[in-house]
Amino acid sequence: MLRYTLGRLLSAIPVLLVVSLVSFAIIALVPGDMASEMAGPSATAEELQRLRVQLGLDKPILQRMVEWYGALLRGDLGESVLLRRSVTDAILERLPVTLGLTFLALVFAIVLGVLAGMVAAVRPNSWTDQGVMALALVGLSLPDFWLGLVFIWGFAVQLGWLPTGGYVPFGEDPLGWLRSMAMPAGALALTQMGLLARMTRASMLDVLRQDYVRTARAKGLPGWVVVFRHAGANVLVPVITVAGVSVGILLGGAVVIEQVFSLPGVGRLIIGAIQRRDYPVIQGGLLLTATIFVLVNLAVDLLYAAVDPRVRYGR
Amino acid sequence: MITRRTLGKGTAAGLAAATIGAPAIAQRRGGEVVIAQQAQPPSLDAATTTAQASRNINLHIYETLFARDEVGNPMPDLAEGVTISSDGLTYTFPLRRGVKFHNGKVMNSADVKASLERYGKVGGSAFIMRPVDTIETPDANTVVVKLKEPYPGFIAGISSPRAPCAIIPAEEAGKEAGKIEIIGTGPFRFVEYRPDSHVKLARFDDYVQNTNFRERDGFGGKKTAHFDGVTIRFMPEAGARTAGLQTGELHVLEALAVPAAQRLKDDRNVRAYEMMPWAFQTLMMNHAQGPTSNLAFRRAVQAALDMEEIMAISTDGLYRLTHGWQHPGTTYFAGDVGKELYNLKDQNRARALLRESGYRNEEVIVLCDSSFSNHKATGEVAAEQLKAIGVNVKLVVVDWPTAFNQRTRREGWHLWTLMLGIEPYEGPYGVVGFFSGHAPVQHERDPGIEAAQTKLTTSLAEADRKQAVADFQRRMYDQAISIKCGDVGIVQATRANVVNYKPYRIPRMWDCWFS
Chain B
537 MLRYTLGRLL SAIPVLLVVS LVSFAIIALV PGDMASEMAG PSATAEELQR LRVQLGLDKP
597 ILQRMVEWYG ALLRGDLGES VLLRRSVTDA ILERLPVTLG LTFLALVFAI VLGVLAGMVA
657 AVRPNSWTDQ GVMALALVGL SLPDFWLGLV FIWGFAVQLG WLPTGGYVPF GEDPLGWLRS
717 MAMPAGALAL TQMGLLARMT RASMLDVLRQ DYVRTARAKG LPGWVVVFRH AGANVLVPVI
777 TVAGVSVGIL LGGAVVIEQV FSLPGVGRLI IGAIQRRDYP VIQGGLLLTA TIFVLVNLAV
837 DLLYAAVDPR VRYGR
Chain Z
8 MITRRTLGKG TAAGLAAATI GAPAIAQRRG GEVVIAQQAQ PPSLDAATTT AQASRNINLH
68 IYETLFARDE VGNPMPDLAE GVTISSDGLT YTFPLRRGVK FHNGKVMNSA DVKASLERYG
128 KVGGSAFIMR PVDTIETPDA NTVVVKLKEP YPGFIAGISS PRAPCAIIPA EEAGKEAGKI
188 EIIGTGPFRF VEYRPDSHVK LARFDDYVQN TNFRERDGFG GKKTAHFDGV TIRFMPEAGA
248 RTAGLQTGEL HVLEALAVPA AQRLKDDRNV RAYEMMPWAF QTLMMNHAQG PTSNLAFRRA
308 VQAALDMEEI MAISTDGLYR LTHGWQHPGT TYFAGDVGKE LYNLKDQNRA RALLRESGYR
368 NEEVIVLCDS SFSNHKATGE VAAEQLKAIG VNVKLVVVDW PTAFNQRTRR EGWHLWTLML
428 GIEPYEGPYG VVGFFSGHAP VQHERDPGIE AAQTKLTTSL AEADRKQAVA DFQRRMYDQA
488 ISIKCGDVGI VQATRANVVN YKPYRIPRMW DCWFS
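In order, the protein sequences belong to chains B and Z. Using this note's numbering, read the first sequence as starting at 537 and increasing by one per residue. Using this note's numbering, read the second sequence as starting at 8 and increasing by one per residue.
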């Protein structure tokens with residue numbers, strides 16, 4: 537297992553290298569730079585050029601690339617030109633917000649999605665099944681930013697239960713954190729909830745037709761024990777696969793949701809950096825996101841072994 | 008002619024409170040007011056940034072030697088006034104005495120000298136210090152600035168809020184851009200900055216008011232901080248900002264979309280304040296390549312455009328049809344000059360001018376960006392109007408940095424939509440400078456505009472400078488250098504319990520209070 541894990545971690549290096557190279561190339565191809573943003577519309581060509589020299593934007597792309605990789609090997613992601621601080625610090629400061637949001641959305645999606653899928657599968661083609669699946673389809677079809685705005689209108693403006701936006705750190709006030717995260721996580725989770733519900737239902741229907749389930753029922757075990765303990769355990773593998781993919785999608789969705797709910801997360805940092813062409817932040821942010829994707833995929837593969845005795849990695 | 012949709016009784020009530028209600032209402036001290044703005048400030052080092060998001064915050068913290076009054080004219084703030092020598096070369100500023108920085112130190116001439124010198128190095132509009140030869144401090148309360156040559160725009164430059172020439176302690180002035188401690192002399196002091204979240208300010212209890220004035224006036228005057236603290240939140244989503252105002256989480260919005268203001272006109276808890284004018288909507292033209300290098304073609308564009316349609320669509324109805332390249336009511340407004348060529352919407356005349364220009368159906372690129380909705384809508388409407396007279400228009404919509412970058416090139420664009428906000432507010436120097444000098448926006452220098460610019464920046468008599476602005480405006484229309492579409496307004500909004508609020512270039516949190 538250890539050897540397998542190390543192998544996977546090593547294989548991530550070329551993946552991250554390709555990601556950073558592609559992002560460097562894309563950034564170089566996009567017109568406009570941060571000097572334009574900083575100088576404002578009435579800046580002269582001379583002022584713009586002076587700013588470009590100050591910011592090091594006059595250097596050839598290859599030179600900038602070599603310098604960036606050199607610094608990266610020393611663990612330095614560079615300095616944000618607009619924030620005037622280390623990119624690593626800027627990302628680390630915002631990472632808890634994005635990870636907290638993604639984690640809470642994942643919990644919502646798994647708990648409610650899997651539960652809904654199981655309920656639907658236990659009574660296939662019933663009104664319950666049709667209703668749950670219709671709701672799942674609605675969840676899958678709605679864009680999360682729109683849902684976010686609807687949640688704000690409903691839960692904040694009309695009912696006054698939750699704040700319209702903003703962030704309360706967990707360390708300062710856990711209940712405040714939950715209140716500030718409930719709507720964004722809910723809006724983010726709904727799509728994945730629908731996906732997981734449909735996936736769980738399909739897997740559960742397969743499993744419930746298996747002989748060992750029939751045997752368990754024949755032995756007189758209570759229905760909930762058969763569904764949750766015997767059938768549920770075998771539904772876990774495909775659910776984990778989908779949940780692993782969901783983490784990636786949720787991280788991507790967090791970018792938009794952070795804008796809607798004014799959350800100071802990594803997504804908002806990257807969007808701001810793209811709008812202002814703050815290259816070091818874009819590079820660092822993309823590298824971090826790619827790293828999280830790679831690690832989540834690895835975690836999913838390792839989880840297979842934990843939940844399915846048939847899966848073993850290396851010896 | 009003024010055309011705007013009414014915002015209903017909320018607006019009327021708000022304006023009434025702001026203008027005539029103030030003296031009668033008991034002032035109350037205390038409370039934490041929360042403002043929301045779309046963007047976060049790129050820097051709180053006031054001198055170094057021209058961003059509106061920074062200005063909204065920084066002008067609560069920092070002050071300048073001269074500020075701008077309610078209509079945008081320069082007025083003394085940290086200086087008692089100024090004496091200008093007859094040759095226009097020596098400016099003597101007596102300073103207000105006893106003014107304290109937020110660190111407790113009393114401001115003196117050394118701080119002012121160090122701040123002005125720093126501005127010349129790192130200032131967002133550092134060019135305003137180019138004419139300066141020496142800065143002397145004959146005593147602790149006097150600063151003498153000597154210029155190399157007469158530059159009547161000097162006071163306008165150092166009083167502009169664009170990238171404010173903020174006075175900071177001399178100990179900070181040696182530091183590079185963005186690395187200073189946030190210390191000013193303003194009515195609020197800096198407390199905390201959480202990136203992507205908020206900035207917190209607290210009332211500066213040792214603030215020394217400018218008793219030369221009776222009340223607030225623009226960015227200057229006698230400022231009184233009633234709120235204990237001000238929190239400025241950065242909320243990119245307009246819908247969330249509006250919702251926050253409705254729920255009472257937010258007390259002030261720097262801008263409220265016009266449709267939202269109309270929707271909330273019956274909400275007793277919200278007050279909307281129109282501010283007109285806020286900016287110019289313009290269509291810049293590139294003279295470096297055909298067909299916009301051709302005067303007859305540019306005149307055809309000028310004749311074809313229907314400004315009412317452009318402005319109504321691009322501003323959601325909050326606009327004013329004015330031809331002037333300065334705001335009416337300001338010192339340099341040039342009256343009716345050029346008015347006969349504004350908003351012609353004459354397609355026959357436009358087609359005739361097109362034929363005269365020898366136009367051969369070349370592609371005409373209208374460049375605009377999607378980052379500012381006004382820019383995009385202006386480009387779209389203008390493009391349709393030009394198509395109607397037979398121009399082969401290609402509309403290019405990109406993001407702001409891309410559009411800005413493109414317009415600095417001599418090729419790849421013919422018309423570019425741009426809203427000029429702070430420049431016309433600053434007066435004529437920024438607006439005329441936009442079309443003159445070594446890098447005019449139209450890429451080709453026009454002798455008439457250059458002559459007007461020289462006259463404006465060297466004439467010591469105000470009458471001559473006014474004539475220079477009139478000459479500039481005449482040339483803008485006669486040569487169809489670029490197109491002024493009209494004036495754009497904005498709506499600022501508060502909760503109803505924010506008393507004595509008056510809309511301005513920033514949401515000012517002095518001289519207003521909670522009921």
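A few of these clues could be false.
[Said to hold, decoys possible] Some, not all, of what chain Z presents toward chain B, calculated at C-beta under 8 Å: (1) Glu199; (2) Ser204; (3) Asp235; (4) Glu256; (5) Pro408.
Hint data in this document are derived by calculation from the structure and do not stem from the laboratory. Every residue, glycine too, gets a C-beta built ideally from N, C-alpha and C.
Each hint, compared with the structure:
{"no.": "1", "hint": "Glu199", "verdict": "violated, 13 Å"}
{"no.": "2", "hint": "Ser204", "verdict": "holds, 4 Å"}
{"no.": "3", "hint": "Asp235", "verdict": "violated, 20 Å"}
{"no.": "4", "hint": "Glu256", "verdict": "holds, 6 Å"}
{"no.": "5", "hint": "Pro408", "verdict": "holds, 3 Å"}
In summary, the structure is inconsistent with hints 1 and 3 from the numbered list given earlier, while agreeing with the others.
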